[in-house]
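Chains as they are written, first to last, in my numbering: chain F, 1 to 141; chain H, 1 to 141; chain D, 1 to 141.
Do not take every clue at face value.
[Said to hold, decoys possible] Straight-line Cα separation of at most 35 Å, DSBU-like style, residue types lysine-lysine; simulated pairs:
no.	chain 1	residue 1	chain 2	residue 2
1	D	K71	F	K71
2	F	K71	H	K71
3	H	K71	D	K71
Keep in mind that the hints were calculated from the coordinates and are not lab data.
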Amino acid sequence: MPLRQHQEVLEVRTPGLGLHEITARVAKSIAVLGFAQGVAHITCMHTSCSLAIQENADPSARHDMESWLAKIAPENDPDYTHTAEGPDDMPAHLRALVTRTTETIPIRNGRLLLGTWQGLYLCEHRRRPHTRRLVLHVTGE
Amino acid sequence: MPLRQHQEVLEVRTPGLGLHEITARVAKSIAVLGFAQGVAHITCMHTSCSLAIQENADPSARHDMESWLAKIAPENDPDYTHTAEGPDDMPAHLRALVTRTTETIPIRNGRLLLGTWQGLYLCEHRRRPHTRRLVLHVTGE
Amino acid sequence: MPLRQHQEVLEVRTPGLGLHEITARVAKSIAVLGFAQGVAHITCMHTSCSLAIQENADPSARHDMESWLAKIAPENDPDYTHTAEGPDDMPAHLRALVTRTTETIPIRNGRLLLGTWQGLYLCEHRRRPHTRRLVLHVTGE
Chain F
1 MPLRQHQEVL
11 EVRTPGLGLH
21 EITARVAKSI
31 AVLGFAQGVA
41 HITCMHTSCS
51 LAIQENADPS
61 ARHDMESWLA
71 KIAPENDPDY
81 THTAEGPDDM
91 PAHLRALVTR
101 TTETIPIRNG
111 RLLLGTWQGL
121 YLCEHRRRPH
131 TRRLVLHVTG
141 E
Chain H
1 MPLRQHQEVL
11 EVRTPGLGLH
21 EITARVAKSI
31 AVLGFAQGVA
41 HITCMHTSCS
51 LAIQENADPS
61 ARHDMESWLA
71 KIAPENDPDY
81 THTAEGPDDM
91 PAHLRALVTR
101 TTETIPIRNG
111 RLLLGTWQGL
121 YLCEHRRRPH
131 TRRLVLHVTG
141 E
Chain D
1 MPLRQHQEVL
11 EVRTPGLGLH
21 EITARVAKSI
31 AVLGFAQGVA
41 HITCMHTSCS
51 LAIQENADPS
61 ARHDMESWLA
71 KIAPENDPDY
81 THTAEGPDDM
91 PAHLRALVTR
101 TTETIPIRNG
111 RLLLGTWQGL
121 YLCEHRRRPH
131 TRRLVLHVTG
141 E
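Use the sequences and the hints to build the structure in full.
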């Protein structure tokens with residue numbers, strides 16, 4: 001069977017700061033596409049939120065990841081010069097810089113092939129709720 | 001020639017903490033597939049190990065990367081709440097968070113197209129040896 | 001229309017340390033290829049520079065990202081053992097370790113599909129100007 005591709009934009013509403021799991025949201029979009037095998041690229045169209053694949057079993061792991069990102073790239077660092085968009089903006093860019101703009105996940109038997117404890121997260125780095133746009137691009141058969 | 005794809009799971013045994021080069025292991029799998037040109041995605045199915053492409057010439061560079069990851073995400077940080085799985089577990093998630101779940105490498109002339117000093121590493125962030133599963137997905141011709 | 005692929009090496013001259021935007025350079029290469037829809041992978045063939053997709057509107061954001069990378073992975077850390085290639089070499093590997101070797105960008109209507117404020121950056125982590133090689137691999141139709 002020849003390879004084909006599919007591309008769509010997904011809109012995701014975030015409640016504000018934190019790692020928000022979107023595995024089910026993306027899995028649902030994949031399920032209707034009818035790819036038995038392939039590869040999915042999920043790309044974040046923003047620079048103050050990002051993606052990560054991380055443990056989704058224990059909420060304490062997610063909590064500690066959020067705290068750690070806040071520690072390595074804190075708000076109100078006196079060295080910041082990019083402050084016009086609020087105290088949470090520059091930390092948002094830095095936290096996005098070291099996580100992912102695109103995550104790539106294989107598809108097998110029509111489903112995302114993730115490890116037992118893996119979930120896909122949209123990391124919202126701004127304090128307020130946002131509507132975020134992700135591109136889902138699948139190549140497969 | 002029409003594009004085709006290949007997908008397989010690779011099992012890699014790690015000796016415990018550290019950056020372990022797997023370039024030859026992946027190159028060997030690629031070599032038998034007969035893709036002249038394409039793109040390979042290598043995806044880690046775990047959240048306490050990760051991937052990186054880094055210098056493979058001088059072991060001191062690898063040593064310093066390991067030390068630095070241990071410094072920015074140390075064991076026994078009193079802020080951690082996710083401690084039930086041992087002192088090396090939460091640091092493992094954090095070190096995985098800022099390195100890669102998937103690395104993407106072009107294929108040219110049937111081989112991984114890497115720079116002179118580049119090697120692919122499986123970064124084992126847990127202290128004990130583990131058997132890790134990676135998905136190799138290739139699209140090409 | 002069947003899927004096809006294209007692969008080429010791009011050479012980019014950097015003026016030395018800093019985040020240098022290459023969106024226009026890559027967009028120009030994409031434009032002539034005639035892909036209506038697809039996915040582009042841009043891969044850095046070096047371990048002392050890297051890629052990032054980040055805000056390209058306000059130069060102060062770029063400045064703060066550069067300062068922050070210099071703070072989390074500073075020059076002249078007495079813990080470094082990999083020092084033979086100069087004081088900017090080990091920090092370069094560390095800064096590359098937490099940013100990207102490959103960035104993946106969807107193509108739509110023949111163009112890179114990026115968010116309003118997103119730009120692709122080649123992050124040069126060495127002080128001196130360098131000629132850097134990137135692989136552009138596109139799969140699409």
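Unsatisfied constraints (hint numbers, rising) = none
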